[in-house]
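Participant: Residue numbers (my numbering): 185 to 629.
By construction, these hints were calculated from the structure, which means they are not laboratory data.
These numbers come from a predicted model, not from an experiment.
No residue lacks a Cβ here, since even glycine has one placed at the ideal position from N, Cα and C.
Heads up, some of the hints might be wrong.
With a straight-line cut-off of 30 Å between C-alpha atoms, the simulated BS3-like cross-links for lysine-lysine are [stated by the list, open to error]:
#1 LYS607 <-> LYS430
#2 LYS527 <-> LYS430
#3 LYS356 <-> LYS303
#4 LYS303 <-> LYS430
#5 LYS527 <-> LYS353
#6 LYS377 <-> LYS265
#7 LYS377 <-> LYS388
With beta-carbon atoms standing in for the labels, derived distance ranges [to be verified]:
#8 LYS527 <-> ALA612: 40 to 48 Å
#9 PHE391 <-> PHE447: 19 to 27 Å
#10 LEU490 <-> ARG613: 50 to 58 Å
#11 ALA323 <-> GLY346: 33 to 41 Å
#12 ILE535 <-> GLY558: 22 to 30 Å
#13 SER469 <-> GLY346: 44 to 52 Å
#14 LEU443 <-> GLY400: 24 to 32 Å
#15 ALA612 <-> LEU399: 24 to 32 Å
#16 LEU309 <-> GLY346: 40 to 48 Å
#17 ASP464 <-> GLY523: 53 to 61 Å
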Amino acid sequence: MGRERFSSRLGFILISAGCAIGLGNVWRFPYIVGQYGGAAFVLIYAAFLVLLGLPIIVMEYSVGRASQKSAALSFDVLEPKGTKWHFEKWFAMAGNYVLMMFYTTVAGWLLLYVFKMAKGDFVGLDADGVAGEFGSVLANPGLMTVFMLLCVVFCFSICAMGLQNGVEKITKMMMVCLLFLMMALAVHSMVLKGGAPGLEFYLKPDFGKMVDAGLGNSIFAAMGQSFFTLSIGIGALAIFGSYIGKERSLLGESLNIALLDTFVAITSGLIIFPACFAYDIQPDSGPNLIFITLPNVFNAMKGGRLWGTLFFLFMSFAAFSTIIAVFENILSFAMDLTGCSRKKAVVINLIAIIVLSLPCVLGFNVLSGLKLPGGSVLDFEDFLVSNNLLPLGSLIYLLFCTSRYGWGFRNFMKEANTGEGIKFPSWARFYVSYILPAIVLVIFF
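Whenever a hint applies, use it, and build me the whole structure from the sequences.
Facilitator: Here it is in structure tokens:
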């Protein structure tokens, strides 16, 4: 049986972008931009996205497309005889599973908030009341488990329908809705009375602020964000490389995905900052921004219930698009390694992911006394993926594609540049072989 294929190029681009577009774009990016000097920071971030993120995306796609396998077997197929590159599969698989151990819980919160917002749970509450609502959700393991289950079952059932009929068709619809919803919310925020200072804070380059925050810190924050925003290093994108044909070269496709990812991140800021400034609410970072700050903003806003419901709907789509992409990867591991059918892979992994997601749910209540590096169970799992598995996995892809002991630069270039479109430049060889791995190690340490 041949490898499944995407039915269209648009499907491939939107799904890959869906995998890259996640909560980091919304709850990390705008806050960091504001903290480190607005538009000046965005420029540095964009430069790093091209310098750090792009080459690694191209490498993941090349390994996927050349091997026609997921990360579970791609290294086995391409590595020189007698080498041990295939051990990377265990890191890639661990990365995908650990990511889903906490992402499913957060997606559950977002879905719950769509209903809470529509039902009017926040109407008439003051700031402490809104914070209290989130606190009561965290204290309720039963409710959190129900919504986590809904997300897991929904996303796996889409994957069970197959690549073209399920994953591609539904992710395409969600991504198009996501982009329209965001643009509507952004326009609405930008015309709010009193929102102009927020736009200025966000979009006016302020190099003074960068210097205040420490130039080194600002550059490092831009580097880290550009790196983590794309979910590179755990084979999450390699899988989609294995589903595309040879018609287009891979640098152009990777560029489209990085652009979409950045568009969503920047638009999130256009939604958040004018609204926070218009209603005099401090923009925060992390879960607080979404579950405490923004409900306060929507409370103060005319028609806030509707806008709030739409916002949480778009956030749920962003989370689901990532979960579906990673589930597709996890299913592909199972099918590549054991040769089992898609349906069987779905059933086994559905149970596995539900069991693995429980510690995160319970970490806020039953297991809240657990002392882990980084804080709560969620923080610890996030730390494992973001600070360890992603950078180390990226390093392995880099070395594999550039080293003569791996797949080698010549093979990588041949695969990356097959097809029409922008070609990967051969002059970048020294940069990707020596400088980029060093940068990744610096980020890691």
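Participant: Each hint should be assessed against the structure and marked as holding or not.
Facilitator: Here is how each hint holds up against the structure:
1. LYS607 <-> LYS430: OK: LYS607 and LYS430 at ~13 Å, within 30 Å.
2. LYS527 <-> LYS430: Holds, at about 28 Å.
3. LYS356 <-> LYS303: 28 Å, holds
4. LYS303 <-> LYS430: 49 Å, violated
5. LYS527 <-> LYS353: At roughly 18 Å apart (the allowed maximum being 30 Å), LYS353 and LYS527 satisfy the hint.
6. LYS377 <-> LYS265: At roughly 66 Å apart (the allowed maximum being 30 Å), LYS265 and LYS377 break the hint.
7. LYS377 <-> LYS388: 19 Å, holds
8. LYS527 <-> ALA612: 40 to 48 Å: 43 Å, holds
9. PHE391 <-> PHE447: 19 to 27 Å: 24 Å, holds
10. LEU490 <-> ARG613: 50 to 58 Å: Holds: the Cβ-Cβ distance is about 53 Å, inside 50 to 58 Å.
11. ALA323 <-> GLY346: 33 to 41 Å: Holds: the Cβ-Cβ distance is about 40 Å, inside 33 to 41 Å.
12. ILE535 <-> GLY558: 22 to 30 Å: With Cβ atoms ~27 Å apart, the hint holds.
13. SER469 <-> GLY346: 44 to 52 Å: The hinted range 44 to 52 Å is violated for SER469 and GLY346, with Cβ atoms some 38 Å apart.
14. LEU443 <-> GLY400: 24 to 32 Å: 28 Å, holds
15. ALA612 <-> LEU399: 24 to 32 Å: 26 Å, holds
16. LEU309 <-> GLY346: 40 to 48 Å: At roughly 44 Å between Cβ atoms, GLY346 and LEU309 fall inside 40 to 48 Å, so the hint holds.
17. ASP464 <-> GLY523: 53 to 61 Å: 60 Å, holds
This entry does not satisfy hints 4, 6, 13, going by the numbered hints stated previously.
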